[in-house]
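K.L.:
Below, each chain spelled out in residue letters.
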Amino acid sequence: MELLHIKNLEFTYPDEKEKALKGVDLTVEQGEFIVICGQSGCGKTTLLRLLKREIAPAGEQSGTILYDGTKLSNLEDRTAACEIGYVMQNPESQIVMDKVWHELAFGLENMGISTPEIRRRVGEMASFFGIQTWFRNQTADLSGGQKQLLNLASIMVMHPKVLILDEPTSQLDPIGASEFIATLQKLNKELGLTILLVEHRLEDVFPIADKVVVMEQGRVILCDTPENVGQELKCVSQEHQMLMGLPSAVRIYNQLNVDDACPLTVRDGRGFLSRNFKKDRARLNVVKRKAEENGEAIVRLKEAWFRYERDLPDVLRGVDLEVYSGETFCILGGNGTGKTTTLKVISGQARAYRGKVEIQGKNIKEYKGIELYRHNIALLPQNPQSAFVKSTVEEDLNEVCKAMNYNKDEGKKFIADIIEKLGISHLVQKHPYDLSGGEQQKAALAKMLLLKPKILLLDEPTKGIDAYSKQVLRTILTDLKEQGITVIIVTHDVEFAALCADRCAMFFDGEVVSVDEPNTFFASNTFYTTAASRISRHMFENAVTCEDVVALCLENGLKERSNQLGA
Amino acid sequence: MKLFATYHPSVLLVYFIGVIGITMFTMNPLLLLISFLGAFGFAIQLENKQIVFASFAFYIPMFFLISVTNPLFSHNGVTPLFFLNDQPVTLEAMLYGAAIGGMIVSVMYWCRCYNLIMTSDKFIYLFGKVIPKLSLVISMAIRFVPLFIKQIKHISTVQKTMGIYATKSIVDRVLSGFRIFSAMITWSLENAVDTAASMRARGYGLSGRTNFSLFRFTLRDGIMLSVILALLITALIGNNMGVLDYSFYPRMSRIQISPLAIITYITLLTLLFIPFVVEVEENRKWNYYISKI
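Heads up: the sequence lines are chains Y and S, in that order.
Under my numbering, the residue at position 186 of the first sequence is numbered 186, and the numbers go up by one with no gaps.
Numbers in my numbering are just positions in the second sequence, counted from 1, shifted up by 1000.
Bound-form chain Y, shown alone:
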């Protein structure tokens, strides 16, 4: 049965010439799990918002949206509010009330439902989501993952028939994100809930989707099963930007041109490789990337201990770390293992109470005042928004020049250089808060680079940005390396680390447990490693990125046709 029927939907924002949506046709069957993907600015969010009448953007709209056979605009108020649930991107700003239980009840209160009924529904939903242990807590004290789960639960209590989610996991760490996706899958499988999900990280959601919709410049260019989309996307364009965002198994498949079914998961990917390829050569010759032998330690932590307050437990327990001049160093590890705290200690935001921190061979305590931040260290915060305080990006950049005492011409030249290098000239007149995640990141990075640092610290730079922006970030990092800037990255994103790091370090329990160059590092990890490595480890020893796997496959060549049939 058709639940949503969208016919020839067009939409134009006020004061914009170009249409944000151009003739979108889409039908959503009851109980379907649909994933919508596309680059930032392709009209995904506009489409989703138009489906939720209460928060639909203002503008010129034509075409029809039918919900359950009724025009969306003719729907009764209460039905529209209850039956179509909407979860937004930012976990924090969606929460209205101060207590978890009150947040859960908020929607039901609006519907004018009686106390005993609310009590029942809230209780039921809290148990389903496992909220009972933090049911009476303050909403402000929850973790990001918990907040987003709460947002989902407080919509589920209203018994929606269709759930619309706009990049719900982009602000979460990988563990919180997979938990959230698993919950969605449970809702879809066990309750038959219809789900429309916009996502950047397709690794988890691609295999569980019934249909994948790919949007580009306000149009739906593909709408098919995940397997077919994986194949067809390549036919649309060899260089399509969305190709980079696909799950590793699909990307490997796409680059190999083999006549076989498209694998979606790691398991399928493994089968696909062993069915089709020989494994004569199992090792990739890794060009030793620029590392310890030619550089001297620019940042050195010796037995650094740190805790936030006197009575709290230690966060860093004797961290020993050496980062060499000019390398790109990635710090990986789970939540609460001390990664971000290490950055704070290096950047002087926090002070180790025992042990030594040396920046460029000089003890950090000997840097007086703001000396440490003048041509030495710059830190790009996890939330790039907090780097801006002015009303346009340009004003923010000018302010840095003033603070750094560049003279006028010099400052102008620096700004022009950096703007050009990062490709953000179209953004400088905009308000920083109006930029998308990836754009904000670039603008904030511009601000940091204006400080002309020798050491750049990045905290979760890939959080909430799409695959294409990640690619852009990677080229920027390569460029910085050529300029000899040392980059230290704290990240959860193993794929990104595998691609851009010279060396990776694993943090656990406030300590560094292993440091190595990425191919060795990820090949020796069994769980905490890239999907490409998990797909190929039964055949190849040290392939950790999709490109590595593809290179080895091409070198080894296809198995004979008869063998393939035999397997």
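Careful: at least some of the hints might be erroneous.
Said to hold, decoys possible - Below, a list of computed lysine-lysine pairs in the BS3-like style, where the Cα atoms sit at most 25 angstroms apart:
id	chain 1	residue 1	chain 2	residue 2
1	Y	LYS430	S	LYS1160
2	Y	LYS368	S	LYS1168
3	S	LYS1160	Y	LYS362
4	Y	LYS402	S	LYS1153
5	Y	LYS452	S	LYS1168
6	Y	LYS368	S	LYS1160
7	S	LYS1168	Y	LYS390
8	S	LYS1150	Y	LYS390
9	S	LYS1153	Y	LYS412
10	S	LYS1160	Y	LYS365
11	S	LYS1160	Y	LYS402
12	Y	LYS362	S	LYS1168
13	Y	LYS390	S	LYS1153
14	S	LYS1168	Y	LYS463
15	S	LYS1168	Y	LYS402
16	Y	LYS7	S	LYS1160
17	S	LYS1160	Y	LYS356
18	Y	LYS463	S	LYS1150
19	Y	LYS365	S	LYS1153
20	S	LYS1168	Y	LYS365
21	S	LYS1160	Y	LYS452
22	Y	LYS452	Y	LYS421
23	Y	LYS368	S	LYS1153
24	S	LYS1160	Y	LYS390
25	Y	LYS452	Y	LYS402
26	Y	LYS402	Y	LYS368
Said to hold, decoys possible - For each label pair, taking beta carbons as the anchor points, the in silico distance ranges come out as:
id	chain 1	residue 1	chain 2	residue 2	range
27	S	LYS1129	Y	SER73	31 to 39 angstroms
28	S	ILE1266	Y	PRO313	51 to 59 angstroms
29	Y	LYS413	S	SER1169	28 to 36 angstroms
30	Y	TYR433	S	GLU1282	50 to 58 angstroms
31	S	LYS1129	Y	GLU10	46 to 54 angstroms
32	Y	PRO313	S	ILE1170	32 to 40 angstroms
33	S	LYS1002	Y	VAL428	57 to 65 angstroms
34	S	THR1006	Y	TYR433	43 to 51 angstroms
35	Y	SER73	S	CYS1111	53 to 61 angstroms
FYI, nobody ran anything at the bench for these hints, they're computed from the structure.
What you are looking at is a predicted structure, and each value in this text was computed from that prediction instead of being measured.
Where a beta carbon is used, it is the ideal one built from N, C-alpha and C, also for glycine.
Model the placement of chain S on the given structure of chain Y, informed by the hints.
P.N.:
For chain S alone, coordinates are given in the frame of chain Y:
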């Protein structure tokens, strides 16, 4: 969780209004003493003993300050102790000051207990019944404050790490504060847009909104409320018959000892010691159960 805190918020509100009202509108030294002991006993049950005793460091000087200040300005009374600048300093004025000091200290102890017992959710619940919109606004405000503080800290560390306006000079500090403040305003508005959308998406603004709460009025609450009301009414009747009257000027009156007066005092003693007794009884019960295991 303290036992007295588990009573229904309306019971607690009636109780606190009652005891704080009685304490504020009486000058009867015996009654003030009872009230102080009741509040103090309750505070000791609620908080760490050391913290309560440490609070003396603040309350005792305040008590003496008030006791000493009154006779400097008020020269009523018939028993002059000595003369200061040709003005008599009288015993009555001094004791009157002490009574006021005692009254203020008792009220402050009661308020301390109130703060610990009547948490924001109880307060919101009670006012939500009367003014639904207000309770929503208060709840949203309570949620927003920690968020706001966190963001301020966040922005200011980031700005500091960039070394912009980060020296210790006053000019830099003021400028930096101003910049962060203006950024915070934008941030709040930005946040509010999302929150408003999330509220509308869940049907806020439709007619007939109800107020949900976790509190339930049970038989236990009913009994406690009737006991409190009965004691309050008895005390009020006694008060209206004049048995609690007491005056300091021109000379201190005697505390009445008639059967009716004794009944009234006992009523007030019971009323003011309810929370203390409830908590002590609860502790005794727990110790008993533990000893049985």
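K.L.:
It remains to establish, for every hint, whether it holds in the given structure.
P.N.:
Evaluated hints:
1. LYS430(Y) - LYS1160(S): With Cα atoms ~24 angstroms apart, LYS430(Y) and LYS1160(S) stay inside 25 angstroms; holds.
2. LYS368(Y) - LYS1168(S): Holds, because 11 angstroms separates the two Cα atoms, which is no more than 25 angstroms.
3. LYS1160(S) - LYS362(Y): 21 angstroms, holds
4. LYS402(Y) - LYS1153(S): 24 angstroms, holds
5. LYS452(Y) - LYS1168(S): 23 angstroms, holds
6. LYS368(Y) - LYS1160(S): 13 angstroms, holds
7. LYS1168(S) - LYS390(Y): Holds - the C-alpha atoms of LYS390(Y) and LYS1168(S) are around 22 angstroms apart, at most 25 angstroms.
8. LYS1150(S) - LYS390(Y): Holds: LYS1150(S) and LYS390(Y) sit about 19 angstroms apart, inside 25 angstroms.
9. LYS1153(S) - LYS412(Y): 31 angstroms, violated
10. LYS1160(S) - LYS365(Y): Holds - the C-alpha atoms of LYS365(Y) and LYS1160(S) are around 16 angstroms apart, at most 25 angstroms.
11. LYS1160(S) - LYS402(Y): 15 angstroms, holds
12. LYS362(Y) - LYS1168(S): 23 angstroms, holds
13. LYS390(Y) - LYS1153(S): 17 angstroms, holds
14. LYS1168(S) - LYS463(Y): 34 angstroms, violated
15. LYS1168(S) - LYS402(Y): 18 angstroms, holds
16. LYS7(Y) - LYS1160(S): Violated, at about 52 angstroms.
17. LYS1160(S) - LYS356(Y): 22 angstroms, holds
18. LYS463(Y) - LYS1150(S): 20 angstroms, holds
19. LYS365(Y) - LYS1153(S): 23 angstroms, holds
20. LYS1168(S) - LYS365(Y): 17 angstroms, holds
21. LYS1160(S) - LYS452(Y): This hinted pair holds, its Cα atoms lying about 16 angstroms apart.
22. LYS452(Y) - LYS421(Y): Since the Cα atoms of LYS452(Y) and LYS421(Y) sit roughly 14 angstroms apart, the hinted pair holds (cutoff 25 angstroms).
23. LYS368(Y) - LYS1153(S): 22 angstroms, holds
24. LYS1160(S) - LYS390(Y): Holds: LYS1160(S) and LYS390(Y) sit about 16 angstroms apart, inside 25 angstroms.
25. LYS452(Y) - LYS402(Y): 14 angstroms, holds
26. LYS402(Y) - LYS368(Y): Roughly 20 angstroms separates the two Cα atoms, so the pair holds.
27. LYS1129(S) - SER73(Y): 31 to 39 angstroms: For SER73(Y) against LYS1129(S), whose Cβ atoms are near 36 angstroms apart, the range 31 to 39 angstroms holds.
28. ILE1266(S) - PRO313(Y): 51 to 59 angstroms: 53 angstroms, holds
29. LYS413(Y) - SER1169(S): 28 to 36 angstroms: Hint holds: Cβ distance 29 angstroms, inside 28 to 36 angstroms.
30. TYR433(Y) - GLU1282(S): 50 to 58 angstroms: 53 angstroms, holds
31. LYS1129(S) - GLU10(Y): 46 to 54 angstroms: Given a distance of about 49 angstroms, which is inside 46 to 54 angstroms, the answer is holds.
32. PRO313(Y) - ILE1170(S): 32 to 40 angstroms: 38 angstroms, holds
33. LYS1002(S) - VAL428(Y): 57 to 65 angstroms: 59 angstroms, holds
34. THR1006(S) - TYR433(Y): 43 to 51 angstroms: 45 angstroms, holds
35. SER73(Y) - CYS1111(S): 53 to 61 angstroms: Check passed, 54 angstroms falls within 53 to 61 angstroms.
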